[in-house]
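Trainee: Sequence:
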Amino acid sequence: MTTTTSAAVVESAGAGFHLTEVELADPRPDEVLVRMVAAGICHTDLGVAAGGLPFPLPGVLGHEGAGVVEAVGSAVTRVSPGDQVLLSFTSCGRCTNCRDGHPAYCAAWLPLNLLGGARADGSPTVTRGGAAIGGHFFGQSSFAGHALVDERSLVKVPADAPLELLAPLGCGVQTGAGAVWNVLRPRPGATLVVTGAGAVGLSAIMAARLTPATRIIAVDRVPARLDLALELGATHTVDTSTAGLAEAIGEITGGQGADGVVETTGSLAVAGAAVGVLAARGTAVLVGAPPFGSAIPVDVNFMLPGRKVVGLTLGDSETESLIPVLAELVSAGRLPIDRLIRHYKFDEIERAVGDIVSGDTIKPVLRF
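So the sequence shown is numbered by our numbering: it starts at 13 and just counts up by one.
Since the hints were derived computationally from the structure, they do not count as laboratory data.
Nothing here was measured: the structure is a model prediction, and the numbers come from that model.
For glycine and all other residues, C-beta sits at the position ideal for the given N, C-alpha and C.
Misleading hints may appear alongside valid ones.
[Said to hold, decoys possible] Within a straight-line C-alpha distance of at most 20 angstroms, the following computed EDC-like cross-link-like pairs (lysine to aspartate or glutamate) qualify:
no., residue 1, residue 2
1, K168, D95
2, K357, D372
3, K168, E82
4, K357, E33
5, K320, E332
[Said to hold, decoys possible] For each label pair, taking beta carbons as the anchor points, the in silico distance ranges come out as:
no., residue 1, residue 2, range
6, N109, G266, 32 to 42 angstroms
7, V310, A119, 22 to 32 angstroms
8, A27, G305, 42 to 52 angstroms
9, G262, E33, 51 to 61 angstroms
10, A27, P302, 17 to 27 angstroms
11, V234, D133, 20 to 30 angstroms
12, A27, C107, 28 to 38 angstroms
13, P68, G113, 41 to 51 angstroms
14, L58, R197, 46 to 56 angstroms
15, L122, P235, 31 to 41 angstroms
16, T32, T108, 33 to 43 angstroms
17, G134, V234, 22 to 32 angstroms
18, A87, L122, 23 to 33 angstroms
Given these sequences and hints, build the entire structure.
Mentor: Written out as C-alpha coordinates, the structure reads:
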(Lines of atoms letter the chains of each structure in order from A and count residues from 1; the text may use other names and numbers.)
(Lines give C-alpha, C1' and ligand atoms only; values in the text may rest on other atoms or scores of the structure.)
Protein backbone atom coordinates (compact mmCIF):
# COMPACT_ATOMS: atom_id res chain seq x y z
CA MET A 1 0.00 0.00 0.00
CA THR A 2 1.13 3.54 -0.67
CA THR A 3 1.89 5.98 2.16
CA THR A 4 -0.04 9.25 2.23
CA THR A 5 1.90 12.15 3.73
CA SER A 6 2.02 15.94 3.79
CA ALA A 7 4.68 17.48 1.57
CA ALA A 8 5.91 20.94 0.60
CA VAL A 9 5.31 20.87 -3.15
CA VAL A 10 6.79 23.36 -5.60
CA GLU A 11 4.10 23.63 -8.28
CA SER A 12 6.16 25.57 -10.82
CA ALA A 13 9.39 27.54 -11.02
CA GLY A 14 9.24 30.46 -8.61
CA ALA A 15 5.89 29.47 -7.12
CA GLY A 16 7.25 28.73 -3.64
CA PHE A 17 6.51 25.81 -1.33
CA HIS A 18 2.93 24.79 -0.56
CA LEU A 19 1.83 22.00 1.75
CA THR A 20 -0.37 19.34 0.19
CA GLU A 21 -0.95 15.61 0.48
CA VAL A 22 1.03 13.23 -1.72
CA GLU A 23 1.43 9.47 -1.95
CA LEU A 24 4.71 7.58 -1.65
CA ALA A 25 5.28 4.28 -3.41
CA ASP A 26 5.99 1.16 -1.38
CA PRO A 27 9.69 0.56 -0.73
CA ARG A 28 11.47 -1.48 -3.35
CA PRO A 29 14.12 -3.98 -2.16
CA ASP A 30 16.79 -1.25 -1.89
CA GLU A 31 14.56 1.49 -0.45
CA VAL A 32 13.56 2.62 3.04
CA LEU A 33 10.48 4.45 4.30
CA VAL A 34 11.53 7.15 6.78
CA ARG A 35 9.33 9.24 9.06
CA MET A 36 10.89 12.67 8.94
CA VAL A 37 11.85 14.45 12.17
CA ALA A 38 13.79 17.37 10.69
CA ALA A 39 15.15 18.68 7.39
CA GLY A 40 17.59 21.47 6.66
CA ILE A 41 16.95 23.98 3.88
CA CYS A 42 19.87 24.52 1.50
CA HIS A 43 20.45 27.06 -1.27
CA THR A 44 20.36 24.16 -3.73
CA ASP A 45 16.71 23.59 -2.80
CA LEU A 46 15.99 27.25 -3.45
CA GLY A 47 17.84 27.27 -6.77
CA VAL A 48 15.87 24.30 -8.06
CA ALA A 49 12.59 25.75 -6.77
CA ALA A 50 13.35 28.95 -8.68
CA GLY A 51 13.82 27.01 -11.92
CA GLY A 52 17.63 27.09 -11.98
CA LEU A 53 17.80 23.39 -12.88
CA PRO A 54 15.45 21.31 -15.03
CA PHE A 55 14.03 19.25 -12.16
CA PRO A 56 10.47 18.17 -13.03
CA LEU A 57 7.82 20.29 -11.35
CA PRO A 58 5.45 19.97 -9.58
CA GLY A 59 7.84 18.24 -7.24
CA VAL A 60 9.08 17.65 -3.71
CA LEU A 61 12.58 18.83 -2.80
CA GLY A 62 14.63 18.55 0.40
CA HIS A 63 17.99 16.83 0.78
CA GLU A 64 19.14 17.35 4.40
CA GLY A 65 16.67 14.99 6.03
CA ALA A 66 16.76 13.26 9.41
CA GLY A 67 14.24 10.77 10.71
CA VAL A 68 13.26 7.33 11.93
CA VAL A 69 13.02 4.21 9.77
CA GLU A 70 9.47 2.84 9.51
CA ALA A 71 9.88 0.13 6.85
CA VAL A 72 12.69 -1.38 4.81
CA GLY A 73 12.92 -3.17 1.48
CA SER A 74 13.78 -6.85 1.34
CA ALA A 75 17.43 -6.28 0.37
CA VAL A 76 18.21 -3.48 2.84
CA THR A 77 21.02 -4.30 5.28
CA ARG A 78 22.15 -0.93 6.66
CA VAL A 79 19.14 -0.22 8.87
CA SER A 80 16.07 -1.71 10.53
CA PRO A 81 12.71 -0.23 11.54
CA GLY A 82 13.13 2.08 14.53
CA ASP A 83 16.66 3.18 13.62
CA GLN A 84 17.50 6.87 13.53
CA VAL A 85 19.04 8.01 10.24
CA LEU A 86 20.50 11.04 8.51
CA LEU A 87 19.86 11.42 4.79
CA SER A 88 22.32 12.57 2.14
CA PHE A 89 22.89 12.15 -1.61
CA THR A 90 22.48 8.89 -3.51
CA SER A 91 24.74 7.14 -6.00
CA CYS A 92 24.78 4.04 -8.17
CA GLY A 93 27.38 2.12 -6.15
CA ARG A 94 28.71 0.42 -9.29
CA CYS A 95 30.70 2.95 -11.33
CA THR A 96 34.44 3.47 -11.00
CA ASN A 97 34.16 6.50 -8.71
CA CYS A 98 31.64 4.81 -6.41
CA ARG A 99 33.81 1.72 -6.12
CA ASP A 100 36.84 3.94 -5.49
CA GLY A 101 35.20 5.64 -2.50
CA HIS A 102 34.12 8.84 -4.27
CA PRO A 103 30.33 8.48 -4.64
CA ALA A 104 29.86 12.26 -4.92
CA TYR A 105 31.38 11.87 -8.39
CA CYS A 106 29.14 8.95 -9.37
CA ALA A 107 28.73 8.60 -13.13
CA ALA A 108 24.96 8.86 -12.66
CA TRP A 109 25.04 11.61 -10.01
CA LEU A 110 23.11 14.30 -11.89
CA PRO A 111 20.12 12.20 -12.97
CA LEU A 112 19.96 10.32 -9.66
CA ASN A 113 20.12 13.43 -7.47
CA LEU A 114 19.32 16.68 -9.25
CA LEU A 115 17.63 16.28 -12.60
CA GLY A 116 15.69 13.05 -12.88
CA GLY A 117 12.85 13.45 -10.41
CA ALA A 118 12.36 9.68 -10.39
CA ARG A 119 14.16 6.40 -9.84
CA ALA A 120 16.89 5.36 -12.28
CA ASP A 121 14.35 3.33 -14.28
CA GLY A 122 12.06 6.35 -14.57
CA SER A 123 9.40 5.12 -12.15
CA PRO A 124 8.06 7.72 -9.68
CA THR A 125 8.51 7.65 -5.93
CA VAL A 126 5.92 10.43 -5.35
CA THR A 127 2.45 10.77 -6.85
CA ARG A 128 -0.49 13.07 -6.25
CA GLY A 129 -4.01 12.09 -7.22
CA GLY A 130 -2.58 9.19 -9.17
CA ALA A 131 -0.25 11.38 -11.27
CA ALA A 132 3.53 11.28 -10.93
CA ILE A 133 5.27 14.41 -9.65
CA GLY A 134 8.97 15.13 -9.19
CA GLY A 135 10.57 13.20 -6.34
CA HIS A 136 13.67 11.15 -5.51
CA PHE A 137 15.53 14.45 -4.96
CA PHE A 138 18.98 13.41 -3.72
CA GLY A 139 17.42 9.98 -3.30
CA GLN A 140 15.08 11.33 -0.60
CA SER A 141 12.78 14.39 -1.22
CA SER A 142 12.66 15.08 2.50
CA PHE A 143 10.38 18.15 2.59
CA ALA A 144 7.56 15.84 3.63
CA GLY A 145 6.25 14.00 6.66
CA HIS A 146 7.65 10.77 5.20
CA ALA A 147 10.29 10.09 2.58
CA LEU A 148 11.00 7.06 0.39
CA VAL A 149 14.79 6.89 0.52
CA ASP A 150 17.49 5.00 -1.36
CA GLU A 151 19.48 2.83 1.02
CA ARG A 152 22.64 4.51 -0.31
CA SER A 153 21.23 7.90 0.79
CA LEU A 154 21.02 7.12 4.48
CA VAL A 155 23.40 6.79 7.40
CA LYS A 156 22.45 5.25 10.73
CA VAL A 157 23.16 7.31 13.86
CA PRO A 158 22.78 6.43 17.55
CA ALA A 159 19.32 6.15 19.07
CA ASP A 160 19.93 9.24 21.23
CA ALA A 161 21.37 11.39 18.41
CA PRO A 162 19.70 14.84 18.24
CA LEU A 163 18.18 14.66 14.76
CA GLU A 164 16.92 18.26 14.82
CA LEU A 165 20.51 19.39 15.24
CA LEU A 166 22.23 16.89 12.94
CA ALA A 167 20.03 17.21 9.84
CA PRO A 168 22.37 19.66 8.01
CA LEU A 169 25.24 17.16 8.10
CA GLY A 170 23.88 15.54 4.93
CA CYS A 171 24.84 18.43 2.65
CA GLY A 172 26.04 21.83 3.88
CA VAL A 173 28.18 20.76 6.81
CA GLN A 174 29.83 17.81 5.09
CA THR A 175 30.52 20.00 2.05
CA GLY A 176 32.42 22.60 4.06
CA ALA A 177 34.21 20.07 6.23
CA GLY A 178 35.07 17.85 3.29
CA ALA A 179 36.58 20.76 1.38
CA VAL A 180 39.10 21.15 4.19
CA TRP A 181 39.65 17.56 5.30
CA ASN A 182 39.32 15.68 2.01
CA VAL A 183 40.81 18.17 -0.46
CA LEU A 184 43.01 20.81 1.18
CA ARG A 185 44.34 18.62 4.01
CA PRO A 186 46.29 21.54 5.49
CA ARG A 187 49.83 20.97 6.70
CA PRO A 188 51.04 22.41 10.03
CA GLY A 189 51.20 26.18 9.85
CA ALA A 190 49.05 26.47 6.71
CA THR A 191 46.99 29.53 5.84
CA LEU A 192 43.40 28.91 4.73
CA VAL A 193 40.94 31.44 3.32
CA VAL A 194 37.18 30.82 3.30
CA THR A 195 35.11 33.14 1.11
CA GLY A 196 31.52 33.36 2.28
CA ALA A 197 30.49 32.92 5.92
CA GLY A 198 27.27 31.04 5.29
CA ALA A 199 26.51 27.49 6.40
CA VAL A 200 29.11 25.88 4.11
CA GLY A 201 31.80 28.47 4.77
CA LEU A 202 31.35 28.42 8.53
CA SER A 203 31.42 24.62 8.47
CA ALA A 204 34.73 24.84 6.64
CA ILE A 205 36.03 27.22 9.31
CA MET A 206 34.97 24.89 12.13
CA ALA A 207 36.63 21.98 10.32
CA ALA A 208 39.79 24.01 9.74
CA ARG A 209 40.02 24.74 13.46
CA LEU A 210 40.43 20.97 13.97
CA THR A 211 43.52 20.89 11.69
CA PRO A 212 47.09 22.17 12.16
CA ALA A 213 46.36 25.25 10.04
CA THR A 214 47.37 28.32 12.04
CA ARG A 215 45.76 31.12 10.00
CA ILE A 216 42.08 30.77 9.08
CA ILE A 217 40.78 33.83 7.28
CA ALA A 218 37.02 34.38 6.90
CA VAL A 219 35.84 36.63 4.08
CA ASP A 220 32.34 38.13 3.87
CA ARG A 221 30.43 41.42 3.60
CA VAL A 222 28.29 41.00 6.73
CA PRO A 223 30.02 42.06 9.98
CA ALA A 224 27.84 39.84 12.19
CA ARG A 225 28.80 36.76 10.20
CA LEU A 226 32.47 37.69 10.40
CA ASP A 227 32.12 38.05 14.17
CA LEU A 228 30.55 34.58 14.31
CA ALA A 229 33.38 33.21 12.16
CA LEU A 230 35.87 34.45 14.75
CA GLU A 231 33.94 32.70 17.50
CA LEU A 232 33.90 29.44 15.49
CA GLY A 233 37.61 29.32 14.71
CA ALA A 234 38.68 32.03 12.28
CA THR A 235 41.85 33.85 13.28
CA HIS A 236 41.35 36.80 10.89
CA THR A 237 38.49 38.33 8.92
CA VAL A 238 38.20 40.40 5.77
CA ASP A 239 35.14 42.57 5.18
CA THR A 240 35.09 43.01 1.40
CA SER A 241 32.65 45.90 1.68
CA THR A 242 35.54 47.95 3.06
CA ALA A 243 38.72 46.19 1.86
CA GLY A 244 40.04 44.55 -1.29
CA LEU A 245 40.54 40.79 -0.95
CA ALA A 246 43.98 40.63 -2.55
CA GLU A 247 45.36 43.51 -0.54
CA ALA A 248 43.94 42.21 2.74
CA ILE A 249 45.24 38.66 2.25
CA GLY A 250 48.63 40.03 1.23
CA GLU A 251 48.82 42.08 4.39
CA ILE A 252 47.77 39.19 6.66
CA THR A 253 50.20 36.71 5.06
CA GLY A 254 53.14 39.05 4.56
CA GLY A 255 52.69 38.79 0.80
CA GLN A 256 52.93 35.00 0.68
CA GLY A 257 49.26 34.29 -0.08
CA ALA A 258 47.06 31.41 0.98
CA ASP A 259 47.88 27.72 0.94
CA GLY A 260 44.22 26.87 0.50
CA VAL A 261 40.98 28.63 -0.38
CA VAL A 262 37.41 27.41 0.01
CA GLU A 263 35.16 29.50 -2.24
CA THR A 264 31.49 29.12 -1.26
CA THR A 265 29.75 32.21 -2.65
CA GLY A 266 29.31 31.21 -6.28
CA SER A 267 30.22 34.77 -7.29
CA LEU A 268 32.48 34.84 -10.34
CA ALA A 269 34.18 38.01 -9.10
CA VAL A 270 34.88 36.46 -5.71
CA ALA A 271 36.02 33.17 -7.24
CA GLY A 272 38.44 34.97 -9.53
CA ALA A 273 39.83 37.02 -6.67
CA ALA A 274 40.09 33.92 -4.47
CA VAL A 275 42.22 32.09 -7.03
CA GLY A 276 44.38 35.18 -7.27
CA VAL A 277 45.40 35.05 -3.58
CA LEU A 278 46.91 31.56 -3.78
CA ALA A 279 50.48 31.01 -2.72
CA ALA A 280 52.75 28.86 -4.85
CA ARG A 281 51.45 25.24 -4.68
CA GLY A 282 48.21 26.53 -3.20
CA THR A 283 44.80 25.07 -4.00
CA ALA A 284 41.48 26.82 -4.48
CA VAL A 285 38.39 24.65 -3.94
CA LEU A 286 35.33 25.91 -5.80
CA VAL A 287 32.14 24.96 -3.94
CA GLY A 288 29.69 27.74 -4.81
CA ALA A 289 27.83 27.08 -8.05
CA PRO A 290 27.19 29.99 -10.43
CA PRO A 291 24.88 29.48 -13.46
CA PHE A 292 25.90 26.83 -15.97
CA GLY A 293 28.32 28.16 -18.57
CA SER A 294 30.00 30.56 -16.13
CA ALA A 295 33.77 31.01 -16.39
CA ILE A 296 36.55 32.85 -14.61
CA PRO A 297 39.75 33.94 -16.36
CA VAL A 298 42.93 32.17 -15.25
CA ASP A 299 46.42 33.44 -16.07
CA VAL A 300 48.28 30.31 -17.12
CA ASN A 301 51.64 31.71 -16.04
CA PHE A 302 50.18 32.44 -12.60
CA MET A 303 49.20 28.77 -12.34
CA LEU A 304 52.58 27.36 -13.33
CA PRO A 305 54.10 27.54 -9.79
CA GLY A 306 51.98 24.57 -8.78
CA ARG A 307 48.73 26.40 -8.10
CA LYS A 308 45.52 24.36 -8.51
CA VAL A 309 41.82 25.04 -8.93
CA VAL A 310 39.57 22.13 -7.91
CA GLY A 311 35.81 21.76 -8.16
CA LEU A 312 33.97 20.05 -5.32
CA THR A 313 30.66 18.28 -4.84
CA LEU A 314 29.39 17.45 -1.33
CA GLY A 315 32.83 17.46 0.22
CA ASP A 316 33.98 14.51 -1.94
CA SER A 317 32.57 12.51 0.95
CA GLU A 318 31.93 8.84 1.48
CA THR A 319 28.90 9.41 3.65
CA GLU A 320 29.02 6.28 5.81
CA SER A 321 32.57 7.21 6.79
CA LEU A 322 32.31 10.98 7.23
CA ILE A 323 28.81 11.66 8.57
CA PRO A 324 29.17 9.51 11.73
CA VAL A 325 32.42 11.34 12.52
CA LEU A 326 30.71 14.70 12.07
CA ALA A 327 27.86 13.57 14.31
CA GLU A 328 30.31 12.49 17.00
CA LEU A 329 32.14 15.82 16.83
CA VAL A 330 28.85 17.70 17.15
CA SER A 331 27.85 15.63 20.16
CA ALA A 332 31.24 16.30 21.77
CA GLY A 333 30.85 20.05 21.29
CA ARG A 334 33.82 20.22 18.92
CA LEU A 335 31.73 21.14 15.88
CA PRO A 336 29.18 23.66 17.22
CA ILE A 337 26.76 23.71 14.29
CA ASP A 338 24.00 24.76 16.70
CA ARG A 339 25.41 28.28 16.27
CA LEU A 340 24.23 28.22 12.64
CA ILE A 341 20.75 26.75 13.06
CA ARG A 342 17.32 28.23 13.59
CA HIS A 343 14.35 25.87 13.82
CA TYR A 344 10.97 26.32 12.13
CA LYS A 345 7.76 24.31 12.12
CA PHE A 346 7.17 22.47 8.84
CA ASP A 347 4.24 24.73 7.96
CA GLU A 348 6.56 27.72 8.37
CA ILE A 349 8.68 26.67 5.38
CA GLU A 350 7.92 29.83 3.41
CA ARG A 351 9.06 32.00 6.34
CA ALA A 352 12.21 29.90 6.65
CA VAL A 353 12.92 30.36 2.95
CA GLY A 354 12.44 34.11 3.28
CA ASP A 355 14.83 34.23 6.21
CA ILE A 356 17.61 32.35 4.39
CA VAL A 357 17.20 34.59 1.33
CA SER A 358 17.34 37.76 3.43
CA GLY A 359 20.31 36.46 5.41
CA ASP A 360 18.46 36.57 8.72
CA THR A 361 19.07 32.83 9.17
CA ILE A 362 22.21 30.91 8.24
CA LYS A 363 20.76 27.40 8.33
CA PRO A 364 16.99 26.92 8.70
CA VAL A 365 15.93 23.48 9.91
CA LEU A 366 12.32 22.37 9.63
CA ARG A 367 10.71 20.35 12.43
CA PHE A 368 7.98 17.85 11.60
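Trainee: Taking the hints in turn, state whether each one holds.
Mentor: Hint-by-hint comparison with the structure:
| no. | hint | result |
| --- | --- | --- |
| 1 | K168 / D95 | holds, 7 angstroms |
| 2 | K357 / D372 | holds, 17 angstroms |
| 3 | K168 / E82 | holds, 13 angstroms |
| 4 | K357 / E33 | holds, 17 angstroms |
| 5 | K320 / E332 | violated, 28 angstroms |
| 6 | N109 / G266: 32 to 42 angstroms | holds, 40 angstroms |
| 7 | V310 / A119: 22 to 32 angstroms | holds, 27 angstroms |
| 8 | A27 / G305: 42 to 52 angstroms | violated, 25 angstroms |
| 9 | G262 / E33: 51 to 61 angstroms | holds, 57 angstroms |
| 10 | A27 / P302: 17 to 27 angstroms | holds, 24 angstroms |
| 11 | V234 / D133: 20 to 30 angstroms | violated, 45 angstroms |
| 12 | A27 / C107: 28 to 38 angstroms | holds, 35 angstroms |
| 13 | P68 / G113: 41 to 51 angstroms | violated, 31 angstroms |
| 14 | L58 / R197: 46 to 56 angstroms | violated, 31 angstroms |
| 15 | L122 / P235: 31 to 41 angstroms | holds, 38 angstroms |
| 16 | T32 / T108: 33 to 43 angstroms | holds, 41 angstroms |
| 17 | G134 / V234: 22 to 32 angstroms | violated, 43 angstroms |
| 18 | A87 / L122: 23 to 33 angstroms | holds, 25 angstroms |
In summary, the numbered hints that this structure violates are 5, 8, 11, 13, 14 and 17.
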